[in-house]
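All chains, full assembly: derive it from the sequences and hints.
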Amino acid sequence: MKYDVCIIGCGVIGAAAAFELSKYDCSVLILEKENDVAMGSSRANSAIIHAGYDPKPGTLMARLNVEGNAMAEQLCKDLSVPFARIGSLVLAFSEEEEATIRMLYDRGVANGVPGLRIIDAAEIREMEPQVSKEARAALYAPSAGIITPWEYTLAFAETAVRNGAKLVLNAPVTGIRALSDGGYKLATPKVDFEAAYVINAAGVHSGEIHEMVAAKTFTVMPNRGEYYVMDKAECFRANHVLFQCPNQDGKGVLVTPTMDHNLLVGPNAVGVEDGDRVNNTAEGMAFVREKASKSVPGINYRNAIRNFAGIRANTDKDEFQISIAADRFIDLAGIKSPGLSSAPAIALEAVRLLNQCGFAPDKKAHPITTREKKRFRYMNDEERREAIRENPLYGRVICRCETVTEGEIVDAIHSPIPPCSVDGVKRRAGSGMGRCQGGFCGPRIVDILARELKLDPMEITQDGVGSQLLLAETKREVTE
Amino acid sequence: MTYDLIVVGGGPAGLAAACSAWEKGLKHILIVERDKELGGILNQCIHNGFGLHRFKEELTGPEYAGRFIKMLGDTGVEVMLDTMVLEINARHEVHVISAAKGYEVLEAKSIVLAMGCRERTRGAIGIPGDRPAGVFTAGSAQRYLNMEGYMVGKRVVILGSGDIGLIMARRMTLEGAKVLACVELMPYSGGLMRNIVQCLQDWDIPLYLSHTITDIVATNGRVSHVTVHKLDENRQPIPGTNLEFDCDTVLLSVGLIPENELTRAAGIEMDPRTNGAYVFENMETSVPGIFACGNVVHVHDLVDYVSAESERAGAAAAAYVLGGAPAGDALTVKNGADVGYTVPQRIRVSNVPKAADVFFRVRRVFKNSVIEVKAGDQLLISYKREHMAPGEMEHILLPRKLLDGVSASEITVSAKEA
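Chains A and B supply the protein sequences, listed in that same order. Each residue of the first sequence is one higher than the one before, counting from 51 in our numbering. Each residue of the second sequence is one higher than the one before, counting from -5 in our numbering.
Incorrect hints may appear among the rest.
A few chain B residues that face chain A, going by a derived Cβ cut-off under 10 Å, partial list only [what the hints assert, rightly or not]: (1) G117; (2) G128; (3) S134; (4) R137; (5) Y144; (6) T213.
None of these hints come from the bench; they were simulated from the model. The structure presented is a predicted model; accordingly, all values stated were derived computationally and were not measured. For glycine and all other residues, C-beta sits at the position ideal for the given N, C-alpha and C.
Listed below in structure tokens is the structure:
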């Protein structure tokens, strides 16, 4: 069959575009090269919905950031995505940095960021008792928020799928050829697909996809950022997203609580060759610790529970690459920070660009725009009683650190985009996110995955293709 | 109904505490266990060496647990399996959930905390490199191997020389894996000497002291290579000392952390040195009627000591319920030179029977050494030890008579060369 629209890449941008398009009478295909959605930048980032004072006024980044931020609250409510508008502070430690936050304030006002205020040291102390006493002033942006980014992506993608969009995993696009009737043929290792319109949301690979149909107009320059995730015991160190002043190395190292009441510290910013390799380095981790201590001196790294790294799809342009790149071919490319914040607004932009290309399907009469998700750990006692009454599996805790029940894990395995790996379950149910990092629940998740998917445990992967956990069976009893 | 005692956890500590409380006369006792069977982590410890002190014979982990489960069977102690405790509080309420019974709030006159400990992870020590499959804590690898029947890898590097890592070096070797190295950050092993000999030396597995893993490389989502460096005296890698290993698995045995989330949430005072609760001489915590024992208080080296400590906790819970709270001022026990912590941290002298048990670990390796207990500058008592190491728990008995004579409010335990 020939799809109306094919979206390449199911990170938050591709997923948001799919969600938006799935509200229309059209057939949508999403091709994702990995074995799950949100496998690139969308799962490894600062998990912030930025207020929008950073981008230069007049840029797409400025407009889409502020629009996306405004949309996030209702979307997250409708789609059951953890989100909280906790506000952010950009801390100034010198006169020069005070000038910088005044500049950011002016930018923010020009960009239409609501509620910005410059606060003095006394007010910083009141809002953030753990922040360094060296902080002289700060830009306070009440509209900044924190979010669970992979859940945002999953919510968009799952709802799109429930609206009829077709998601194909393990399908890297290896070539694109224009068809004589105006559409495109997209090659993947197993099957070729056809679509009348194509959206390039391939993140760090968006340059390669662009160049399959059009002349090179931008160069992706992958940039790695490393982080620490701290135990909940450290969460009290920050009540808001705590930024430092942006400098030539990016937005600086931030300290922020997460939606699961951990503390997130990072990132650094290092240009790398391989946009798919997200390794941590001793230097990067030391850099993050040192820089973060400037904002919050007391963080106890003995309470670290995980390090990770993510890749920014930076380009040689200081702007998102959103345009009609070729006939019926739209780039949502080079989406770096504030891409997560802008995602729903970028999706609307994609629909407008499709309209410009002459594709204007009717809205569905009753598209699905809501999603429900049970999270045992956030239920009150009565809700917990009720959940266990409805499904006794909600009474069996599998992940003891995060209090995730077998009910949630089984629900996740049978969700619209079923996970096939331990980390896929982790992103959906929250199991293994805690202080023991799956040490206790890992074997039980493998067991449940194998049981529910009717697979041999040796087929179950940690994460992507090839990441098998178990390599052999133990010696067997010899029977004559 | 209000239970006389609810024991949180049915591992070795919980089993011993419940048996002992029953023996001392409590009638309504409940053990809440999150797993589907009693025994805790002993069930996956299928090697021998358990029970030498307690039973004067060598048992496997499941056999050792079995002895206590059998003893429990002769009592009227109730057991709830497959049940998770979500919350306890100072009012002695225990919130539990299970698939079978749903959400319940149970009440008790006393509580014994026996939740055990968990393993430190890669994230806690920040090993650089890729983050592929194939990096396991030694305990989870042990569960896969001994309980589920699967090998987590075939070519293995072990980081840390804690006892579980050492045991797994031998276990993986017996199952046909090649253990290439055991790498230890410190200049000494964190495990028992007998495990170094029986699990590494007997199998020609090299132990690299003062070394650590500095990079993990993945190929197709699975560990394919690790780099190890020797460390200088500041524990920084020395350039040029790298050892390279092609392997598919990294096992971590880098420490255990008492699992005290319930304890903290109940507002019980915690000791940052042990990561466990502050306890009195009878294993009572800062909240009257709530006791703690086993690895949730401090990480033990031998389960035999866990059992002994837990029996004291169970007996104390019984005394609390049957006789009320012990009175008297508490003497603070402080850790002095080269001693990491002490358990108990507080002794109510009037509550000490003949002598008070004090456990601790030293901070470095000692030969021909002496343990000193002082009140201010006054030496109260000393104990000779031929050998002491951080991997081995030390135990001293402070006679009641001696404690009665102490007028100071604190005493100090320290270690030094003789």
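task: Kindly indicate which numbered hints from before are broken by the structure, ordering the numbers from low to high.
output: Nothing - there is no hint that the structure violates, so all of them hold.
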